[in-house]
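Colleague: The chain contents come next:
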Amino acid sequence: MQELNLTVLNKVGLHARPAKELVKFSRSIKSKVTVEYNGKSADIKSMMAVMALGAKQNAEVNVKIEGPDEAEVAQSLTDMFANGFGFTDEL
Amino acid sequence: MSEKIQGNIALEGISVGKIIKVEQSLKQYLASYTAGNSDEELAKLEEGIDTLSAEIDASVEAMREAGHDEEADIMEAHSFLLMDPLFTDAANDKTKEMGNAPAAVLAAANETAEVLANMDDEYMHERSQDIRDVGKRLARVIMGVKGIEIGKEPVILCGHEVEPSVIANVPDDKLAGVIMGQGSTTCHAVIIAKSRAITTIVGLEEKIKDIPDGVTALLDGNAGLVIVDPTPIELKEYEAKLEAQREEMQRFEQIRDLPAETTDGAKVQLTANIGLPKDAETAAKYGNQGVGLFRSEFLFMGRDKIPSEELQYENYKKAIIACKGELCVIRTMDIGGDKPLPYLNIPPEDNPFLGYRAIRICLERPEIFMPQLRAILRAGVYGKAAIMMPMIISVEEVKKARSMFERAMQELEAEGKEYAKDVQLGIMVETPAAAVMTPILAKYVDFFSIGTNDLVQYTLAVDRINPQVSGLYNHFHPAVLQLIQRTIKAGCDNGKWVGMCGEMASDPYAAVLLMAMGISELSMSAPSIPRVKEKIRSVSLKEAKEHLAKVMELETGAEVRDYLQANL
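For the record, the sequence lines run as chains A and B. Under numbering that gives the first Met the number 0, the first sequence has 20 at position 21, and the numbering climbs by one with no breaks. Under numbering that gives the first Met the number 0, the second sequence has 52 at position 53, and the numbering climbs by one with no breaks.
The reader is advised that the hints may include incorrect statements.
[Unchecked claim] Rough simulated footprint, nothing fancy, chain B against chain A, three-plus residues with beta-carbon under 8 Å:
no. : segment
1   : 14 to 20
2   : 37 to 45
[Unchecked claim] Derived pair list, reagent style BS3-like, types lysine-lysine, alpha-carbon separation capped at 27 Å:
no. : chain 1 : residue 1 : chain 2 : residue 2
3   : A       : K31       : B       : K95
4   : B       : K277      : B       : K398
5   : A       : K19       : B       : K398
6   : B       : K135      : A       : K44
7   : A       : K10       : B       : K317
8   : B       : K416      : A       : K10
9   : B       : K277      : A       : K55
10  : A       : K39       : B       : K317
Hints are computed from structural coordinates only; laboratory data are not their basis. We put the beta carbon where it would ideally sit given N, CA and C, even for glycine.
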């Protein structure tokens, strides 16, 4: 298992569009990814659960990755968080 | 023999098509559905999700290609909801428990919808409608119910509620209209119908059940009328109306970007009344110059707690940005005991329209008013914003509101939050008391906006919803005209601008009269703007003032109306 602490940089936080990107990403990998924040945890396959975390801009989230491709997944997620899920206007 | 059924206008237009009844079929199918054993039902669930998911993805793509982006966005959200483990896990559990996949899907969708409806997040809140729609659609797929069969003739979709996905799946050239029993004009089905400019009539209530499947119907969306099985003569009449409508549209198109200006160069600002932030964008196609009334009620309805400052801020910001530098006038909460909301906690009243409502609640309950004031002040940095308070009757109220407004600014300043320092604070003049008091109130406000719907009702003591007295309702009643003239004069004398945001503003004859009185802004539903503008562009301010002088001498509302219709 890999564990990461990542910061949400998007202005809107982990809202609809970033959550959708996470769902799409989850469909392309084999590992199970859970995001934890503020005592709640969400499988990134669930857009509703991710949004319900209520992680706003600058929130520190804890990410757990478990599965055969966890090293690559960890790298990809680090990148996705760092570039604000590709929504540069919202950074 | 044709039959006429009256509903409410959701989207204007005239069209003819074949009635297709949606909805009730789902209940029928469910009643006659035979479930298999638990494993079979679980397999059907899984298969159903796969089939529907592929179907949605294909239709999203088709909608994007056809340029229906708004619709595609809603359908894409459906696809994410359908695949969301929060929903699929619930559907699995319920299927095991109930042993009936379609019934389980509906139950799971309702359960998920309730969770979403209780979240303090506008986006999630809206999705609760979507998940119910997804549930119904999935139940149909599992039961092998075919979608609507479309033949050569254009169709009119008819049901108590018509699901957005059902509308979305009928191609443009085959969809003549949508008619619904329920009365909301802001539900997703109506939004989708609007984005495609489909004639829509809502609020037919129980009468919707009497409309037979497969019959031809004529929709007069301008009057909110459904004519079932129209006669050839009626069809012909409507064809002529349709032609006239097309011609009018062309004329309006030509003046859209021209100013609302009299032949001698006097200008008035024509603005839009909106109920949702995105209406500010759609208003642009009618050539509005900003928003004169943004009803903030939608933020307060259908929730069990006060909407947060953040949620309000996001919505006001959206509307202010859509005004593109023109003024966006936001009306503070205008709700009372007629709409029971748990957090307002108002005991039943005999007469809620004269009761504890609107500004009366806000001034006593800072936990409701302050977040709204702060949200508007903060959103104001994205353009030009104004705050408008409804139901004012006295100077004390305005003074108290102003001190709360100032406190909101001080708080934001102390917290180091960005906010607009130039937000105007004004009142709606909609009680006779306020209208009489305008020479004094003018000292304490930045503007007046005359709310004629209530001003006429309160001045004439006429409930216009009551058919026995609604004939007495007339915005040209001399008492009303005198109050309006007094208000406009008081504003002008004190250097404060005066606008109007009631229905009277959309009456082209009234518009001319109001210009002569010195009004500077008229706010109305966006589709009315071109008609008012056309009239204003046809007269001079000089003539208008001559007419005004004569009109103010007349003794009855009927005489005023007759005079204007004969002379303008």
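Colleague: Provide an ascending list of the numbers of those earlier hints which the structure does not satisfy.
Modeller: Hints 4, 5 and 10 not satisfied by this model.
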